[in-house]
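Undergrad: With these hints in hand, go ahead and build the complete structure from the sequences.
Quick mapping for you: the protein sequence lines, in order, are chains A, B and C. Letter by letter, the first sequence follows residues 1 to 105 in the numbering used here. Letter by letter, the second sequence follows residues 1 to 624 in the numbering used here. Letter by letter, the third sequence follows residues 1 to 487 in the numbering used here.
Hints are computed from structural coordinates only; laboratory data are not their basis. If you're wondering where the values come from, they're calculated on a predicted model, not measured in any experiment. Note that CB positions come from ideal geometry on N, CA and C, so glycine has one too. Any given hint could be a false lead.
Unchecked claim - Within a straight-line C-alpha distance of at most 27 Å, the following computed BS3-like cross-link-like pairs (lysine-lysine) qualify:
1. B:159 <-> C:442
2. B:585 <-> B:159
3. C:361 <-> B:159
As the list claims (entries may be wrong) - If you want the ones that stay clear, here's a sample from chain C, every Cβ over 10 Å from chain B, calculated:
4. 23
5. 27
6. 49
7. 55
8. 64
9. 102
10. 161
11. 163
12. 167
13. 201
14. 217
15. 277
16. 280
17. 414
18. 425
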Amino acid sequence: MTTALNVPLEHVFFLAIILFLIGAFGVLIRRNIIFMLLSLEIMMNACGLAFVAAGARWAEPDGQIMFMFILALAAAEVAVALGLVIQLARRFETLDIDRAEELNG
Amino acid sequence: MHLLWAIPALPLAGFLVLFLTEGRLPRAVVSSIGAGSVGLAALLTGYVAWQFISSDSTSFTSSSWTWMIVGEFNVSFRLWVDALSLVMVSVITGVGFLIHWYATGYMSEEEGYSRFFCYMNLFVFAMLMLVMGDNLLLLFLGWEGVGLCSYLLIGFFHKVPEFGYAARKAFVVTRVGDTFLIIALFLLFREVGSLEIQEGLVFARENMSDASTINTIICLLLLGGAVGKSAQVPLQTWLPDAMAGPTPVSALIHAATMVTAGVYLIARMQDFFMLSQTAMLCVAAVGLITLFIASFTALVQSDIKRVLAYSTMSQIGYMFFALGVGAWSAGLFHLMTHAFFKALLFLASGSVILAMHHEQNMFKMGGLWKKLPIPFIAMLVGSAALVALPLTSGFFSKDAILLKAWKSDSDFATLFWIVAVIAAFLTSLYTVRMMVLTFFGKPQSEMHELKKESLWHPSRIRTVVPFGLLAVLSIAGGWMGFEFTGRLFGDDGVHAELHFDPIALLTLGIPFAGVVVGYFLFASDLIDRRTLIKNKLSDLLSQFWGSGWGFDWVYDTLIVKPFRFVAQTRTNRNDIVDLFFKLIKFLASLFHHILSMFQTGHVRWYAFTMVGGLLLVFLAVVWI
Amino acid sequence: MSVMLLILLLLGAGVVAWASERVNTTLPNWIALITFVATTLWVLVIWFNGPDTAGLYADLNCEWIPRFGIYLHLEVDALSLMLIGLTTFLGIVAVVSSWTETKTRHGFFQFNILWVMAGVVGVFSAFDLFLFFFFWEVMLIPMYFLIAIWGHEDKEHASMKFFLFTQISGLLMLVAIVALVWINFNISGVLTFDYDVLKDANLDSTTSRLLMLGFFIAFITKLPSVPVHTWLPDAHTQAPTAGSVILAGILLKTGAYGIIRFVVPMFNEASREFWIWGMSLGVVSILYGGYLAYSQTDFKRLVAYSSIAHMGFILVGVYSFSKLGTQGAIITMIAHGFSTAALFMMAGALQERLHTREMSKMGGLWVRAPRMGAVTMFFVVASVGMPGLGNFIGEFLVLIAAFKKSVVLTVFAALGIVVAAVYGLSLMQRSFQGIPNPDVPKMQDFAFREMSVMVLLMIALVWVGIYPQSLLQMTAPLLPGLLRLTS
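TA: Structural data, given as structure tokens:
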């Protein structure tokens, strides 16, 4: 069995799920937009971890390729999000996301 | 007979010229076009009448021009003149011309001089089409046309809102009658398959049985139309209000011509009516009821024109009555003489009114006979004819009706005769009252000076001529007239002569009795009028009669007010049907509001719902 | 071919007019006016040249989307020609009536007018159902813009209401068209949208009834008839004068045309069974429309409701299923086009001068502007149904035909004549007669521009009134085909 993974896959997945939930929890409860972005970052890395682990498990390059996509996505997201952060800080003079509710119906 | 077309074409041309020049012509030109076109038409009518009498034919027909043809439905513009129409055409153009002539003086101080003659010419044209049309649709064209002109002329002084309401009332009420007429047309077309009058009459003679229900319905519908136009019960309420129009209009339209259109219609459709006892009875009853009601009402009016209006109603009632009891010729004869003397009465009253600065209340007149001798004499002659004193035209025609009524074979002949004679007595009473209040007694008009010089000013002196001619016709029109109208129908018209049987003497004596009683009641001091007036009963009666027996009140309460009330409620104006669509709109916006409550603008709320949704999907996938 | 050119000319002139607003603000008006005068003359030339042996004045049939059996099939028979003539003529009226009314975007305004008219001409000549639907939509959208951009105080609401009513009912028609084509394809194996083929489709009675309803609802919404009439008063009140003229004069006629051209011949059996409903709706429209017209205080709204009443006569006429009734309906279409266009033009002229449509703020205008008074009187009298003018001919033919079908309904419809007198005269009284309102400023009477159009309209109405035969004989040969009478 030619496997490049020395730890059981389940353990890695378990770790990824925990990371993902920590991230999701962070997005939901934090009001500071910086921390929300950090939490999002954690969620994405959780996904990336799962991909890499799965790729290693079946010795396929796809997992690592997907991680690269995620990296690119994260970079793009951060670029946009930081722009939003700056705007938020300028317009509302706060980083509290709940203050930006002008789009309510 | 190609000249036939020229008779209606002349007033039509006058109308067009006056309409297109928009009142820019000088007054003299307007008068000569307005009155001249009708005068020429009258001359032409005289020529046609002479031709007609000297020829053997029973009718003249003009060339025809297609109006519309759809399958079996075929109507054309074609004129048809027989003795009956010729009488009508003569009255319309002859009396019409005299009234136009008079109007050139009467209206000379008024605004809208050209507009007035424009409408008047259009009226004469429409009236001629009514009596000359050879099919019912052409008759209907004239019928509606005269209604329109009546509307336009009643509301001629359009700045006064009351006149406008009177005009609308006249148009709408007669339109109710017109609806009956148009339904009669539909029914006739369905039964006969044609709207040609002559074809219809032939059909009636040959194909309809005496007891035919359809025929009776046709007759009653026609009667409905006639009742509206001729201001008979129950559609009579518009005529007194129609007196809002200038006096020449009242003379021409609301006395001499248009209001007699109903009589013409029934006479024209004689063959249908002859077949139906019921319809004939209805015609007689309508006439008699109107006659009775209007005579009483005329007795308590204070407005001189309204007295004449109610008098017109009652005289037309006589005509209907005559038709109903089969005195066709006498009815038409009365139509003719009535046109003469009622036109004269209206013109004379117009002169009085003008002299009094548009004061129409008789109680504010009095003692005018010295100041206005010519109107006084004219009015005296007209009244004599209206009362039917012997040797006046009214005497010949009214006696002819009464005598024929006595001899008619109807079950109600005696009753009819008695009511008609009572009404004749009342006619004398109200006429005497009108004359006494207006011309005798003490002058009541301290409030204004008589505009003496303006009435008989040289510019208006020419109006004496129509007075003279009409006065002559009012007297002499009866001497020869019956020889002519007697030949209109196959019935044996009874010639009113001074015979010496009791009935004839009675009919002869009644007007005199009326005049004498009237004298004692209104002029002499033998009876204290105050005690007569000042009691509850007479108060009540005079109020009831004065309001035209409450017809207006009933229509107002039952029809006009509910109609208006519902029309003016706000929901109705905004269209009740629209409420349904508004409900749809309301529901849509309701759902919109409910859904938009989820759109809070909180990013964390969105994230939460997303996570929640994902969890739900996840759980669903796991469990199912 | 000529009809396609006509449509293209209108479309092209629209684009040119739009572009020309950069040069000058009155140039678009002139371009539109010249286009409409030219097209009217063109239609007259076609008219006088007479039809070919098949009774057609113009005809075009070429492939468009052959895969689905869709053809550019345009035919102009006598009925179409009359209505196209009415369209181009009222185009002149519309342009003249709005000559000074628009304050913004003159070019785009004329563009929309020209495009509506192009759509209408297409609707009146399309003999392919897909093409018909296409033009049906083409005329809708510019009309929406006309109301939404140049309308009065409540234009958004009115234009949206107009759009929704027409669009939803149009959707019904589209469903019916597609279903009809599909069913015909299943029966005969031929996929086609062609009118002449589908007219003879062999449908069973239930399908026929349902499809008929689809078309019927679309057309009575446009007509409009009670109970789907409520868009009309709002749209009319808010539309600019040209919009009202087009809406009342022509767009309503597309509904009537649709019933005569499509509903009756294509679903003949089903329509004949349906007559009592059609006629009753007509009678209800006559009475209800007339009554509501009397209730209004807004000049334009009154005229709008009177249109509903007049359109009721068309339904009564068509559903009498007789030559007389159909002829009456056609004459009513033409005459109502003239009389109502004039009344809306009058409403627009009053609004331009007085800045109100409210009749309580008018009164006694005859003194200020006798010409306008006389003109209004003429058209009110025409719409009241005076013999000798066009509207009477139509209504009389309709009623005399309906009488053979149902006495009761005809009697009620005839009551509409009385109601018409009530609202017509009250319009006259409240606006032009009575004591002159002291608040009303000095008012300019009609000048040459407006008067010339009014005179043309008057002549047209008198012509229809005393020589309707010129129209009747043109449409007479079409009737057996339209009514599917078995000879």
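Undergrad: Are the hints correct? Go through all of them and say.
TA: Status of the hints after comparison with the structure:
Restraint check for residue 159 of chain B and residue 442 of chain C: satisfied, since their Cα atoms lie roughly 17 Å apart, inside the 27 Å limit. Using a Cα cut-off of 27 Å, the hinted pair residue 585 of chain B and residue 159 of chain B is violated, with the two alpha carbons roughly 45 Å apart. Between residue 361 of chain C and residue 159 of chain B, the direct Cα distance comes to roughly 15 Å. Compliance with the 27 Å bound is thereby established for this hinted pair. For residue 23 of chain C, the non-interface assignment is confirmed: its Cβ lies about 38 Å from the closest Cβ of chain B, beyond the 10 Å cut-off.
At roughly 34 Å from the closest C-beta of chain B, the C-beta of residue 27 of chain C stays outside 10 Å, upholding its exclusion from the interface. With 10 Å as the threshold on Cβ separation, the claim that residue 49 of chain C sits away from chain B holds: the shortest Cβ distance comes to roughly 23 Å. The claim that residue 55 of chain C is not at the interface with chain B holds, since no C-beta of that chain comes within 10 Å of its own (minimum 18 Å). No beta-carbon of chain B comes within 10 Å of the beta-carbon of residue 64 of chain C; the shortest separation is about 37 Å.
No beta-carbon of chain B is positioned within 10 Å of the beta-carbon of residue 102 of chain C; the least distance is around 29 Å. With 10 Å as the threshold on Cβ separation, the claim that residue 161 of chain C sits away from chain B is violated: the shortest Cβ distance comes to roughly 8 Å. At the 10 Å boundary, the C-beta of residue 163 of chain C stays outside the reach of chain B, the nearest C-beta of that chain being 13 Å off. Distance check for residue 167 of chain C against chain B: the nearest CB is about 14 Å away, which clears 10 Å, and the non-interface claim stands.
Non-interface call for residue 201 of chain C relative to chain B: holds, since the shortest CB-CB distance, roughly 29 Å, exceeds 10 Å. For residue 217 of chain C, the shortest C-beta to C-beta distance to chain B comes to about 14 Å, beyond the 10 Å cut-off, and the non-interface label holds. Chain B leaves residue 277 of chain C outside its interface by the beta-carbon criterion, the shortest separation being 17 Å against a cut-off of 10 Å. Residue 280 of chain C, annotated as away from the interface, keeps every beta carbon of chain B farther than 10 Å; the closest lies near 15 Å.
Distance to chain B contradicts residue 414 of chain C as a non-interface residue, since its nearest Cβ pair spans about 5 Å, not more than 10 Å. The claim that residue 425 of chain C lies off the interface is violated: its Cβ sits roughly 5 Å from the closest Cβ of chain B, which falls inside the 10 Å cut-off.
In the structure shown, a violation is registered for the earlier hints numbered 2, 10, 17 and 18, in ascending order.
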